[in-house]
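Protein chains in written order, with UniProt numbering: chain A, 1 to 290; chain B, 1 to 439.
Because the hints were derived from the structure by calculation, they are not lab data. Don't be surprised by glycine CBs; every beta carbon is placed ideally from N, CA and C. Incorrect hints may appear among the rest.
On the chain A side, residues computed to face chain B include the following (Cβ under 7 Å) [said to hold, decoys possible]:
#1 Val146
#2 Ser149
#3 His153
#4 Arg154
#5 Ser209
#6 Ala226
#7 Thr229
#8 Leu230
Below, simulated DMTMM-like cross-link-like pairs (lysine to aspartate or glutamate); rule was C-alpha separation at most 20 Å, straight line [to be verified]:
#9 A:Lys83 / A:Glu135
#10 A:Lys206 / B:Glu331
#11 A:Lys126 / B:Glu216
#12 A:Lys123 / A:Glu136
#13 B:Lys150 / A:Glu203
Ranges between beta-carbon positions, derived for each pair [unchecked claim]:
#14 B:Ala312 / A:Thr277: 53 to 61 Å
#15 B:Ser104 / A:Glu135: 21 to 29 Å
#16 B:Lys150 / A:Gly261: 35 to 43 Å
#17 A:Glu136 / B:Leu156: 18 to 26 Å
#18 B:Lys150 / A:Asn96: 20 to 28 Å
#19 B:Ala377 / A:Gly261: 30 to 38 Å
#20 B:Val390 / A:Thr101: 42 to 50 Å
#21 B:Ala377 / A:Leu28: 53 to 61 Å
#22 A:Gln198 / B:Leu156: 20 to 28 Å
#23 A:Thr277 / B:Gly215: 36 to 44 Å
#24 B:Glu80 / A:Asp152: 30 to 38 Å
#25 A:Ala61 / B:Glu88: 47 to 55 Å
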Amino acid sequence: MPTPTSDGSQTSSGPASFLRIPPPLKRLFDRFPLTTYPANDLPHRVPSKRADNQLFVFSDAAGARRGRPSFNPQCLKWQAYLKFVGVDFEITPSNNHASPTGALPFLLPAFPTEAAVTIPSHKLQKWAIEQVHCEEEQQLDLRFDVYASLLDHRIRNAWLYTLYLDDANFKSVAQRLYVNPSTTSSLVRASLAFQLQQAARDELLKTTSYIDVAAIEGDAQNAFEALSTLLAENEHFFGRPNPGLFDAAVFAYTHLILDEGLGWKHNRLAQMLRQHTNLVQHRERLLKFF
Amino acid sequence: MVLQLHVWGPAFNLPSIDAQCLAAIAYCSLTLPKGSWELVATSDPSVSPTGELPALQDDSTWVSRFRNIVDYLRQYSNGEWDLDGLLEGTARADTIAFSSFIESRGQTLIDLSLYVSSQNYYGNTSPAYGSLLQWPNQWILPPRLHSAAKARTEHLGLSSLDIQAMEEQRQREHSAAVAAGRVPKNLIPRPQDTVSKLLGRTAQHNHFRLEALTGEFFEPLEAMIGDKSYFLASSENDSPSSLDCIALGYLSLALVPELTFPWLRDAMRTKSPHLTAYTERMRRLCFGEQPVEIAHAFSPETAPSSLLPWRAPSRISAVAVSNTLLDTLAESLPLVRTLRSHNKLKEGAQSADAGLSDMEKKIVSQAADAGKNDLYASVATVVGGLAALVGYMFYIGMIRPTGSGDEEFVEEVEGEEEASVFDAGSATDFLGAGFSGFP
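With the hints as extra help, turn the sequences into a complete structure.
Put into structure tokens, the structure is as follows:
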């Protein structure tokens, strides 16, 4: 309990004493920082000398060594694009938590080696154009963005439904590829699987008030038909001599839908896609790059 | 039976406030003969079993969404009421691709313009909903639509258009300035300068982003329409298609509304003069020369002879009101909401018009059931876990059965009494000391 005398002494010293640091504290802070430790070494699995650009995608270790296509459409699109335009890179298996933006793919360029600059997926095209001076294809045809919306919405919605919300497929494909590699604990696996399905469901419910499977599949069927008409008898989309970004985007979905190795249980999309032979042949032509 | 098209009600001088509804109205007014259909401004998605508007009612059959309505009308009339029948090859592919493009990009822009930009939402959109909805929907639906639009545009990083936060900041600055006369200077918080700088930067950033978004949307459409009267017009086929209806739905909502912050309309007028003229022309063709007013929808006899066969919606019944209230309550409870989202999938599969084969229906229902089972399993796990914990605590004696617990409880109460007595004593001591300390 403060006595009146101590109170009086405080008021008499005035406001200046609040600003002055007490001498013992000042001496202590003068000695900071006591020691500065050197930075930790990088983990051993990081190659000490990076010779190549590194593309971080969803993949497994064996597939990454042989440069096989990623099993995630978004990753596969950029992997294929970089291959098509002739950028050299290595595949590193990774997951969303590793990415600075929270989403795969991203690229760690070989130069400059010192500055750790990562390139997120939406800047990959610009980076590739700077590297190999390829064309920015969106500028060449007004239909590029229009037809790309088919892939980004209709086919993507059908893909989300087929992979995540169709239970047979989810157990045999998505769970094996996305959930099981991250942990062996069955409790954590169950919760991760639930989160994945919930995320897919939320994404589909963003635009509609309930998930109408027939509408989703009908939309996908129309989308394949439109893409098939756009490709017609050409080797590549928009009659280009070499495959480009749009081919990569189409290939990312057609390859995974037609890939029997993934273990699909109930694949309506493949049935629809096989009706359009030119899209199937397009996928087979591009698969030779891998 | 006359076909009835249920839609969101009129707003902004347009027959509906929703782009899909506008597209459906345009399609019906172009294809269906007069007298074979009626337009009902229900403005309540719960009337349709699918929970969506626009919905076409043919006796007991309900069809919702624009594309399903188009398909249904084609089958209903054996291919007579169909705008796309003559399209082939590239034109057909273009209809599909441009429809998807307009629906996805156009919806984003309309969300940003009508809902996310707070000035427009509170100044225009929200009052418009207020005048076309009945109680209690006018309190329930607009916030739901508002948050849905925010969720759809979240990924664009334009949430700072949502000026609520910016407005609050400005008010705080203002009150600080007012108070500056009376309050000592050093008590007014300093960091105002940096915050306003920050806001200036986001405004510019928004400006660039919106410029890019509107450019990406309008440029391909402007190039496509050119001097033609319809999107897919060619020398031998000069008639509107379903693509024109979709385009009218979204473009008229961008062009016509008088908003407080009309960035979308300004962008459309400067970037795409042909498209603007086309939208005006299509609007007159499909919705009539006169601007549509809300009164037309609710009391059709007052309306001038318009193109649209309005029919007054029936008064909302007590059952419907209580259903809406129950629904809203259920949506706001966390577990129940998850359960309902599983049901949403199942209803889609079991409704008769979904057009799935029996096999597929079974599979989808199974998936929905499995999802529900997951939920039940997680609830059961939590309950089981709690039970196990309590059992364990009994076992090791942290909790004792009630027989021996009573005594302890009494002891504790006694202890507490002692403590409180002691406290009272010390308080008196303290007070006494306090008083004695002062003269």
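Checklist entry - What are the numbers of the hints the structure violates, in ascending order? => result No hint contradicted; all consistent.
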